[in-house]
Structures are given as C-alpha cells and as structure tokens.
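J.: Using the sequences plus the hints, can you model the full thing?
Note that the protein sequences, when read in sequence, are chains A and B.
Counting from 1, position 117 in the first sequence corresponds to residue 117 in my numbering; the numbering is continuous, with no gaps.
Counting from 1, position 44 in the second sequence corresponds to residue 44 in my numbering; the numbering is continuous, with no gaps.
By construction, these hints were calculated from the structure, which means they are not laboratory data.
Note that beta-carbon positions come from the ideal geometry of N, C-alpha and C, so glycine has one too.
You may find that some hints are simply not true.
Using C-beta positions, here's what the derived DEER-type ranges look like [what the hints assert, rightly or not]:
{"no.": "1", "chain 1": "B", "residue 1": "130", "chain 2": "A", "residue 2": "80", "range": "28 to 34 Å"}
{"no.": "2", "chain 1": "A", "residue 1": "324", "chain 2": "B", "residue 2": "3", "range": "32 to 38 Å"}
{"no.": "3", "chain 1": "B", "residue 1": "117", "chain 2": "A", "residue 2": "223", "range": "54 to 60 Å"}
{"no.": "4", "chain 1": "A", "residue 1": "223", "chain 2": "B", "residue 2": "87", "range": "54 to 60 Å"}
{"no.": "5", "chain 1": "A", "residue 1": "141", "chain 2": "B", "residue 2": "100", "range": "18 to 24 Å"}
{"no.": "6", "chain 1": "A", "residue 1": "185", "chain 2": "B", "residue 2": "41", "range": "55 to 61 Å"}
{"no.": "7", "chain 1": "B", "residue 1": "68", "chain 2": "A", "residue 2": "192", "range": "32 to 38 Å"}
{"no.": "8", "chain 1": "A", "residue 1": "94", "chain 2": "B", "residue 2": "114", "range": "54 to 60 Å"}
{"no.": "9", "chain 1": "B", "residue 1": "113", "chain 2": "A", "residue 2": "94", "range": "20 to 26 Å"}
{"no.": "10", "chain 1": "B", "residue 1": "115", "chain 2": "A", "residue 2": "35", "range": "34 to 40 Å"}
{"no.": "11", "chain 1": "A", "residue 1": "223", "chain 2": "B", "residue 2": "7", "range": "54 to 60 Å"}
In silico lysine-lysine, BS3-like type, Cα no more than 25 Å apart, as pairs [as the list claims (entries may be wrong)]:
{"no.": "12", "chain 1": "A", "residue 1": "243", "chain 2": "A", "residue 2": "281"}
{"no.": "13", "chain 1": "A", "residue 1": "337", "chain 2": "B", "residue 2": "97"}
{"no.": "14", "chain 1": "B", "residue 1": "11", "chain 2": "A", "residue 2": "83"}
{"no.": "15", "chain 1": "A", "residue 1": "78", "chain 2": "A", "residue 2": "281"}
{"no.": "16", "chain 1": "B", "residue 1": "59", "chain 2": "B", "residue 2": "22"}
{"no.": "17", "chain 1": "A", "residue 1": "78", "chain 2": "B", "residue 2": "116"}
{"no.": "18", "chain 1": "B", "residue 1": "68", "chain 2": "B", "residue 2": "36"}
{"no.": "19", "chain 1": "A", "residue 1": "83", "chain 2": "A", "residue 2": "337"}
{"no.": "20", "chain 1": "B", "residue 1": "46", "chain 2": "B", "residue 2": "11"}
{"no.": "21", "chain 1": "A", "residue 1": "212", "chain 2": "A", "residue 2": "243"}
{"no.": "22", "chain 1": "B", "residue 1": "46", "chain 2": "B", "residue 2": "36"}
{"no.": "23", "chain 1": "B", "residue 1": "116", "chain 2": "A", "residue 2": "340"}
{"no.": "24", "chain 1": "A", "residue 1": "78", "chain 2": "B", "residue 2": "99"}
{"no.": "25", "chain 1": "B", "residue 1": "22", "chain 2": "B", "residue 2": "11"}
{"no.": "26", "chain 1": "A", "residue 1": "337", "chain 2": "B", "residue 2": "22"}
{"no.": "27", "chain 1": "A", "residue 1": "226", "chain 2": "A", "residue 2": "168"}
{"no.": "28", "chain 1": "B", "residue 1": "22", "chain 2": "A", "residue 2": "340"}
{"no.": "29", "chain 1": "A", "residue 1": "160", "chain 2": "A", "residue 2": "226"}
{"no.": "30", "chain 1": "A", "residue 1": "340", "chain 2": "A", "residue 2": "281"}
{"no.": "31", "chain 1": "A", "residue 1": "170", "chain 2": "A", "residue 2": "160"}
{"no.": "32", "chain 1": "A", "residue 1": "337", "chain 2": "A", "residue 2": "78"}
{"no.": "33", "chain 1": "A", "residue 1": "67", "chain 2": "B", "residue 2": "46"}
{"no.": "34", "chain 1": "A", "residue 1": "83", "chain 2": "B", "residue 2": "116"}
{"no.": "35", "chain 1": "A", "residue 1": "67", "chain 2": "B", "residue 2": "11"}
{"no.": "36", "chain 1": "B", "residue 1": "97", "chain 2": "B", "residue 2": "68"}
{"no.": "37", "chain 1": "B", "residue 1": "68", "chain 2": "B", "residue 2": "22"}
{"no.": "38", "chain 1": "A", "residue 1": "160", "chain 2": "A", "residue 2": "281"}
{"no.": "39", "chain 1": "B", "residue 1": "46", "chain 2": "B", "residue 2": "22"}
{"no.": "40", "chain 1": "A", "residue 1": "78", "chain 2": "B", "residue 2": "11"}
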Amino acid sequence: MNLNAAIFGYGAYVPIYRIRTEEIARVWHGGGAGPNRMKAIASYDEDILTMSYESAFQALGMANYPKIQAILVGSESKPYAVKPTGSILSDILGYNSILGVDLEFACKAGTEAIQLISGMVSAGTIDYGLAIGADTAQGRPADELEFTAGSGAGAVVLGKPNGKEVAKIKHSVSYVTDTPDFWRRPHDQYPMHLGRFTGEPAYFTHTTSSVKMLFSETGMNPSDFKYAIFHQPNPRFPVEVGKRLGFTDEQLRPALLNDDIGNTYSANTLIALAKVLDMAKTGDMIMLASFGSGAGSDAFVIEVNSRGDDDGYVPFSERLRNYREVDYATYARWRGKIQK
Amino acid sequence: MIPIAYWRNRKVYTRMVGSKCKDCDAEFFPPVRICKKCGSRNMEEKEMPRSGSLLAYTKLSEPAQEFKEYAPIYLGLIRLDNGVNIISMIADADEEKLKAGARVQATVRKWAEDGKEGLVYYGYKFRVSQ
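T.: This is how it looks when you write it as structure tokens:
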C-alpha cells in the first residue's frame with residue numbers, strides 16, 4: 001500500500017546489562033557459546049512499559065513533543081494479560097485524549113504499529129501517533145532461544161510529511177500465513193518452537209515473500225536502496241536473507257546488532273532502524289523487513305530527509321558501548337527464572 | 001502499596017508533578033497545598049525538571065518487605081535543576097559512579113508489584129547520566 005506518512009522522531013532503548021552467551025553455555029551446556037556474543041537483559045525493575053517509556057521519551061523529544069493521538073505498543077511480554085500497556089504509557093506521558101492499544105505478532109508487532117499509525121496518518125484520521133515495539137524476550141532455561149532472547153524497545157513518532165520530517169514512509173506490504181514455527185499458549189511462561197523449522201518455512205519464506213511483493217508493487221530493486229534492515233533473530237539469518245534477495249554487505253552491515261544485544265523481538269527492527277537513521281543522509285533509501293513467528297513479515301520503503309538540529313543527541317551506537325556484564329545467577333534472579 | 005492511593009497520586013509518582021506558589025514562585029515536590037515559604041494557598045501544579053545532581057546516597061540491604069526482592073536498594077538525595085531536593089531510588093546503581101555532584105536524570109521504573117496477581121506500580125527513579 002502507498003503511504004503518506006513520515007517519521008518525525010525516533011528512539012531506541014537497550015538496557016545497560018548484558019550476559020555473554022558463553023556464560024549461558026557454561027551453565028547449561030558445559031562450555032561453548034551461542035550464535036551471538038551477548039544479549040541485553042532488562043534489570044529487575046524494567047519491563048516493556050519502562051523500556052517503551054525510554055524509547056518514546058527520546059522519539060517525542062526529537063519530534064518536539066507533538067500532540068499525539070494514538071499510542072500503539074507491540075509486544076509479546078506485556079506486564080498485564082488484561083490491561084493495556086498503551087493506556088498506562090499514555091497516562092505517564094501525559095496524553096489522555098488518545099487511542100492507546102497493544103498489539104501482538106511475535107517479533108513483528110512493532111512494525112505492525114508503524115503500519116497502522118501510518119495508515120491512520122495517511123487517511124487523515126490523526127495528525128500524529130506513536131508506534132512502539134518492545135520486549136523482554138523469554139527463553140526457557142537451557143533452550144537454544146535463551147542465547148538470543150534479549151530486551152529492548154524502539155519508538156517512532158509518525159505524522160504527515162511537511163518537509164521537517166526525519167524520513168518518509170512511502171510504501172508498505174505484509175505477507176502472513178499460518179506457520180507453527182513459534183508460539184506461546186495462555187498462562188505459559190515460555191514460548192515453544194519447532195527448532196530448525198523456524199528457518200526455511202518461516203523466516204526465509206515470509207521475509208523473501210514480503211520483500212519481493214514490495215519490489216513488485218514499487219518497481220524498485222535492491223540497488224535502489226542505501227540500507228537494508230532485516231529482522232535479526234540471530235547474526236546469520238539477516239545476512240543470508242539479504243544476500244538471497246540481492247543486497248550487498250555494504251547495505252546490510254550498518255543495521256546488524258544481534259551479536260551485541262541478541263534478538264529484542266518486537267523492538268528488533270525498530271532499534272535497527274534507529275541505528276541506521278543515525279548515520280543516514282538526505283535522500284538515502286531504506287528497505288526494512290520485519291518477521292514475526294506464526295508467521296508474517298512487514299516490509300517498508302523509507303526515504304530519509306533530515307534529522308535537523310541534534311544538539312545533545314547521543315547516537316544509538318555510542319550509547320550501546322556503555323554496558324555492564326552480569327552472571328547467570330543475577331540474570332536468573334532478575335528475569336524470574338528462580339522459583340521462590 | 002494501596003492501589004487507590006497509588007492511582008490518586010500517579011502523576012506525582014510518574015510525571016513528577018509537584019506544586020508552585022503563584023505568589024512567591026517557590027516550588028515543592030511532593031506537592032503541597034500551602035506554600036512552605038510564604039504561607040500562600042495560591043498554588044498550581046508544576047512538573048519538576050527531570051534532571052539534577054546527586055548530593056548523597058545510601059544503600060539499603062534490608063529494605064521494607066515490598067522491596068525485599070530488589071535488595072540492595074540505593075536511595076539518593078538529589079537536588080533537581082530548580083533547586084528542589086528530593087529523595088529517589090537510584091536505577092542501575094553503580095557505586096563507583098555514585099559521587100556527590102554526579103549528574104542524574106529521571107526515568108520511570110517498576111517500584112513494586114503486589115505479588116503475581118496484583119498491580120504493578122511504576123514511578124520515577126533517577127540514574128547517573130551517561
């Protein structure tokens with residue numbers, strides 16, 4: 001679908017704490033490491049509400065606090081099963097005449113929020129909206145998901161283009177099927193998955209399908225883009241899917257984050273977008289494709305304008321350099337893996 | 001915590017809404033109904049600045065029951081940029097960085113949970129600026 005929406009501010013938040021996958025492997029597998037070097041973990045007093053607040057605060061500041069009329073929060077690790085994160089966050093941010101909604105679609109709930117708000121903005125039903133993806137991803141102890149399941153949040157303020165935007169969202173498509181690669185039943189603490197099934201029939205099929213649909217609808221091809229952002233469940237998949245679709249290392253590498261922070265689920269592509277927008281120049285084109293298990297993929301064409309005055313803005317990559325490592329016992333205590 | 005009391009005070013806890021005297025401009029947090037400086041009742045709501053400097057801190061290894069699972073808790077005496085002094089929990093505390101004069105900024109974190117079935121209570125905490 002053609003969209004007439006733009007990003008006026010963006011924010012990315014990753015908790016300060018990391019655990020090395022060597023430490024997880026030491027505890028459960030007698031040595032070795034996971035596919036990534038480290039993952040970010042939320043502190044004992046953080047959850048998706050607090051991380052959403054952090055990323056939203058950055059995004060709203062960059063957008064100069066416009067009158068927001070919708071806050072959509074995509075996540076699969078909400079603090080309440082029934083009580084919207086969107087409404088709590090709206091209240092904390094001081095916006096009450098607003099649509100506050102939670103969305104869920106495994107790792108692509110954040111890009112769903114972007115799609116929906118872009119649609120509302122394009123249709124003229126709202127002037128500005130805030131789209132957020134956030135997760136404190138849960139991996140069952142000793143399961144391979146535990147190596148990568150990380151924590152983080154990303155936010156974008158969206159409105160109609162007026163020449164002062166950071167970037168325009170020009171086009172978006174979605175591709176979904178019923179694919180049982182990953183799921184969590186009500187009241188279960190940890191998700192289930194079908195191991196290798198999550199690769200070919202799930203991640204690769206859906207991601208390539210949405211991106212090919214995007215190319216077909218827009219007439220664009222990989223050489224039209226400066227940057228390509230793919231969902232990063234591990235360090236390998238985004239590079240492999242990018243190469244299959246015809247993107248180069250130079251287009252793919254700027255967005256890569258999984259080795260340092262793991263898979264932040266709904267926040268994954270929004271955080272990568274913030275990293276890329278930090279370095280992008282006016283006129284650069286960005287292709288962004290999320291993936292959510294269950295399964296589906298959203299793909300976007302984004303055209304960069306300018307971030308404008310950025311006095312005091314600390315780029316995301318710089319903020320990422322400041323971290324503290326914790327051991328498995330601390331991680332297990334903080335993330336509720338010890339039964340009391 | 002008491003859910004209704006928290007609900008009534010939530011903008012104080014999350015947005016740091018204090019009060020300002022319309023007669024003498026003195027600011028207060030938490031909010032007061034009567035100006036402690038000039039005695040005026042002519043008060044208005046005022047959001048406090050979300051940054052300040054750390055004056056001192058203390059470490060609680062045996063906090064109250066509702067915070068026990070978060071021990072140790074760090075409590076900071078903070079002078080906000082408008083000159084108001086407050087006491088706040090410190091998030092992501094690193095004792096090496098908790099020095100008098102350190103710049104701090106407010107964020108929102110979980111304060112406590114009423115078990116697994118009750119409410120989650122959110123509120124301001126300060127952390128040392130990067």
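J.: Decide, hint by hint, whether the structure agrees.
T.: Right, here's what the structure says about each hint:
no.	hint	result
1	B/130 - A/80: 28 to 34 Å	31 Å, holds
2	A/324 - B/3: 32 to 38 Å	34 Å, holds
3	B/117 - A/223: 54 to 60 Å	55 Å, holds
4	A/223 - B/87: 54 to 60 Å	58 Å, holds
5	A/141 - B/100: 18 to 24 Å	41 Å, violated
6	A/185 - B/41: 55 to 61 Å	57 Å, holds
7	B/68 - A/192: 32 to 38 Å	33 Å, holds
8	A/94 - B/114: 54 to 60 Å	25 Å, violated
9	B/113 - A/94: 20 to 26 Å	24 Å, holds
10	B/115 - A/35: 34 to 40 Å	37 Å, holds
11	A/223 - B/7: 54 to 60 Å	56 Å, holds
12	A/243 - A/281	24 Å, holds
13	A/337 - B/97	29 Å, violated
14	B/11 - A/83	18 Å, holds
15	A/78 - A/281	35 Å, violated
16	B/59 - B/22	37 Å, violated
17	A/78 - B/116	13 Å, holds
18	B/68 - B/36	34 Å, violated
19	A/83 - A/337	24 Å, holds
20	B/46 - B/11	11 Å, holds
21	A/212 - A/243	13 Å, holds
22	B/46 - B/36	15 Å, holds
23	B/116 - A/340	12 Å, holds
24	A/78 - B/99	35 Å, violated
25	B/22 - B/11	20 Å, holds
26	A/337 - B/22	51 Å, violated
27	A/226 - A/168	15 Å, holds
28	B/22 - A/340	51 Å, violated
29	A/160 - A/226	23 Å, holds
30	A/340 - A/281	52 Å, violated
31	A/170 - A/160	11 Å, holds
32	A/337 - A/78	17 Å, holds
33	A/67 - B/46	20 Å, holds
34	A/83 - B/116	14 Å, holds
35	A/67 - B/11	19 Å, holds
36	B/97 - B/68	24 Å, holds
37	B/68 - B/22	41 Å, violated
38	A/160 - A/281	20 Å, holds
39	B/46 - B/22	11 Å, holds
40	A/78 - B/11	22 Å, holds
Checked against the numbered hints above, the structure violates hints 5, 8, 13, 15, 16, 18, 24, 26, 28, 30, 37; every other hint is satisfied.
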